[in-house]
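Enquirer: Each chain is listed here by its residues.
Protein chains: 2
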Amino acid sequence: MSIAESGEFGLIGRIVSRLDTGSATLLGPGDDAAVVRAADGRVVASTDVLVEGRHFRRDWCGPADVGHRAAAANLADIAAMGATPTALLVALCVPAGLEADWAEGLADGLTAEAALCGAGVVGGDTSGGPTLTVAVTALGDLGGRDPVRRNGAHPGDILALAGRIGYAAAGYTVLSRGFRTPKMLVEAYRRPQVRYAAGPEAARLGATSMIDVSDGLLQDVGHLATASLVGIDVRSDAFEVPDQMRDAAKALGVDPYQWVLAGGDDHPLAATFPPGTRLPDGWREIGTVHDGSGVTVDRKPWSGPLGWDHFR
Amino acid sequence: MSIAESGEFGLIGRIVSRLDTGSATLLGPGDDAAVVRAADGRVVASTDVLVEGRHFRRDWCGPADVGHRAAAANLADIAAMGATPTALLVALCVPAGLEADWAEGLADGLTAEAALCGAGVVGGDTSGGPTLTVAVTALGDLGGRDPVRRNGAHPGDILALAGRIGYAAAGYTVLSRGFRTPKMLVEAYRRPQVRYAAGPEAARLGATSMIDVSDGLLQDVGHLATASLVGIDVRSDAFEVPDQMRDAAKALGVDPYQWVLAGGDDHPLAATFPPGTRLPDGWREIGTVHDGSGVTVDRKPWSGPLGWDHFR
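Protein chains in written order, with this note's numbering: chain U, 1 to 312; chain A, 1001 to 1312.
Be aware that a few hints might be false.
What the hints assert, rightly or not - Derived contacts from chain U toward chain A, CB cut-off under 8 Å, selection only:
| no. | residue |
| --- | --- |
| 1 | 33 |
| 2 | 35 |
| 3 | 36 |
| 4 | 37 |
| 5 | 41 |
| 6 | 46 |
| 7 | 47 |
| 8 | 49 |
| 9 | 57 |
| 10 | 77 |
| 11 | 89 |
| 12 | 112 |
| 13 | 127 |
| 14 | 135 |
| 15 | 211 |
As the list claims (entries may be wrong) - Just the calculated beta-carbon pair ranges, DEER-fashion:
| no. | chain 1 | residue 1 | chain 2 | residue 2 | range |
| --- | --- | --- | --- | --- | --- |
| 16 | U | 303 | A | 1197 | 36 to 46 Å |
| 17 | A | 1099 | U | 146 | 36 to 46 Å |
| 18 | A | 1059 | U | 300 | 46 to 56 Å |
| 19 | U | 145 | A | 1304 | 51 to 61 Å |
| 20 | A | 1101 | U | 151 | 24 to 34 Å |
| 21 | U | 187 | A | 1018 | 40 to 50 Å |
| 22 | A | 1251 | U | 40 | 56 to 66 Å |
| 23 | U | 20 | A | 1180 | 44 to 54 Å |
| 24 | A | 1101 | U | 301 | 49 to 59 Å |
| 25 | U | 116 | A | 1299 | 48 to 58 Å |
| 26 | A | 1180 | U | 255 | 54 to 64 Å |
| 27 | A | 1101 | U | 177 | 31 to 41 Å |
Worth flagging that the hints you see were computed from the coordinates, not collected in a lab.
No residue lacks a Cβ here, since even glycine has one placed at the ideal position from N, Cα and C.
Work out the full structure: start from the sequences and follow the hints.
Expert: What follows is the structure, given as structure tokens:
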């Protein structure tokens, strides 16, 4: 059944029946607005929008994959403030001919990804429209801690990363060349594995700045450098390039460090910590903060693109 | 300058420079997420999406008008829970050829409308995309009160309305027939006048259910009836049809009650109150709640359309 046949309220009913609300949800979908617990008297909020043909392709990703990706992009922003995600709201624009099954699959993916960090899908809106578009807003709870901003890095701090990097970009290249394997890389593009708990963990460890790497490591670390008025050097030998990525890079004629240093979509968290901070498992030191400005790789300017501009 | 020329970060910078953050904003745009005060330990949240060609036309509305309309649609949802809006987040998809001025005008309209209820624009996201789309999320504060839901109306309650109704629908008809006057009606469509403060006021008065009328009075009051398992009768003589609306209706060959009873976009608040509630200025009794189901007009079924389905 197409969405035009089921009508707006039919579609909403089909979607809502598939959603799980999280433990912070006081009032879920079905009223004018949701009500979400904000125990510490503040709420963290972020919005991201995914547009078909630009952020996803239906022939590359199933509807649940798109749901996972849309949720992850937002939930990672919440984690990057040092907060724990509590809720998602979703605005969905769908062409009238789209199968209602697709929207249901999307709802399944959104709900499943949110559940990974205990968050629920609490509300949303649907509209017809010529371009399939998914705009997600995530809310989160700081648990009494200060937010970790982009502007607190100091010379001498270490730069560390939590989560995979380069995998999703490699999967994107694989798909864009018409291949479907290596599966590990393609699946990494379809469903990023974000270490949400690393965000609050970094805040407790005293992280001085943090960002989620969505557009490319060098570009996003560059935002930390700019906001903090410091320079940041990234060490290329800090990254393991797994065999499957190295083999795929060779077969496709790509420098795998282009994926690692400038590829987006994995959403690892990059944070700076005071010198001497003992990083727990899951965090890997990848560079240092120094006086100056900009981002270098092994103390040299990086010659490739830094990341992704959504208008170019 | 087009948005493609200014680039993603150029556009964001131009927009952010025009935003005002409200008094509840602890951290505004520029980081991974915003931080908003949620003093009572809960946050109210709602999302609405506007798509060009479906919810607005650039030849009918300037960019600031679209900003006012997008903000009002969301802020009214927050008010309809009995809450005070605190913040907006905006996800914007724009064709690359759009002038950056347009996005700036949109930001001005969003900010100005939010300021009417003390809220700020605290964050957002922008993307290129073929269809101009504005998805807004609003947050709000219940101030220690229970949310006013849709499901609490009781037989014997009175139905009341705060705010104009029919004006925006009349303006829509005027514009769709190629006219630009009467100005009052066209402006009502471009910039709804929502009585935001009436939402918390209704909660304090003991409203048993509430909704914002965005798709048509009978359809939206029908949601109250369905959720509350009651019938609701609307009295047509409760509505004043102003002269300009009556004249326009006559000239256009339209029954003005179609605008009043089934027209959307004005976003008045409809609420039910226990019998004997003394309604303050600005609230007008328009009907009664009774045992049964569905919505009637003057005790009879309404033969026209009830409202708007965004997929038909």
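Enquirer: Against each hint, give a clear statement of whether it holds in the structure.
Expert: Evaluation of the provided hints:
no.: 1; hint: 33; verdict: 4 Å, holds
no.: 2; hint: 35; verdict: 5 Å, holds
no.: 3; hint: 36; verdict: 5 Å, holds
no.: 4; hint: 37; verdict: 6 Å, holds
no.: 5; hint: 41; verdict: 6 Å, holds
no.: 6; hint: 46; verdict: 4 Å, holds
no.: 7; hint: 47; verdict: 4 Å, holds
no.: 8; hint: 49; verdict: 4 Å, holds
no.: 9; hint: 57; verdict: 14 Å, violated
no.: 10; hint: 77; verdict: 4 Å, holds
no.: 11; hint: 89; verdict: 4 Å, holds
no.: 12; hint: 112; verdict: 20 Å, violated
no.: 13; hint: 127; verdict: 5 Å, holds
no.: 14; hint: 135; verdict: 4 Å, holds
no.: 15; hint: 211; verdict: 6 Å, holds
no.: 16; hint: U:303 with A:1197: 36 to 46 Å; verdict: 58 Å, violated
no.: 17; hint: A:1099 with U:146: 36 to 46 Å; verdict: 40 Å, holds
no.: 18; hint: A:1059 with U:300: 46 to 56 Å; verdict: 53 Å, holds
no.: 19; hint: U:145 with A:1304: 51 to 61 Å; verdict: 55 Å, holds
no.: 20; hint: A:1101 with U:151: 24 to 34 Å; verdict: 30 Å, holds
no.: 21; hint: U:187 with A:1018: 40 to 50 Å; verdict: 41 Å, holds
no.: 22; hint: A:1251 with U:40: 56 to 66 Å; verdict: 57 Å, holds
no.: 23; hint: U:20 with A:1180: 44 to 54 Å; verdict: 49 Å, holds
no.: 24; hint: A:1101 with U:301: 49 to 59 Å; verdict: 35 Å, violated
no.: 25; hint: U:116 with A:1299: 48 to 58 Å; verdict: 53 Å, holds
no.: 26; hint: A:1180 with U:255: 54 to 64 Å; verdict: 58 Å, holds
no.: 27; hint: A:1101 with U:177: 31 to 41 Å; verdict: 39 Å, holds
The structure does not agree with the numbered hints 9, 12, 16 and 24 stated previously, though it agrees with the rest.
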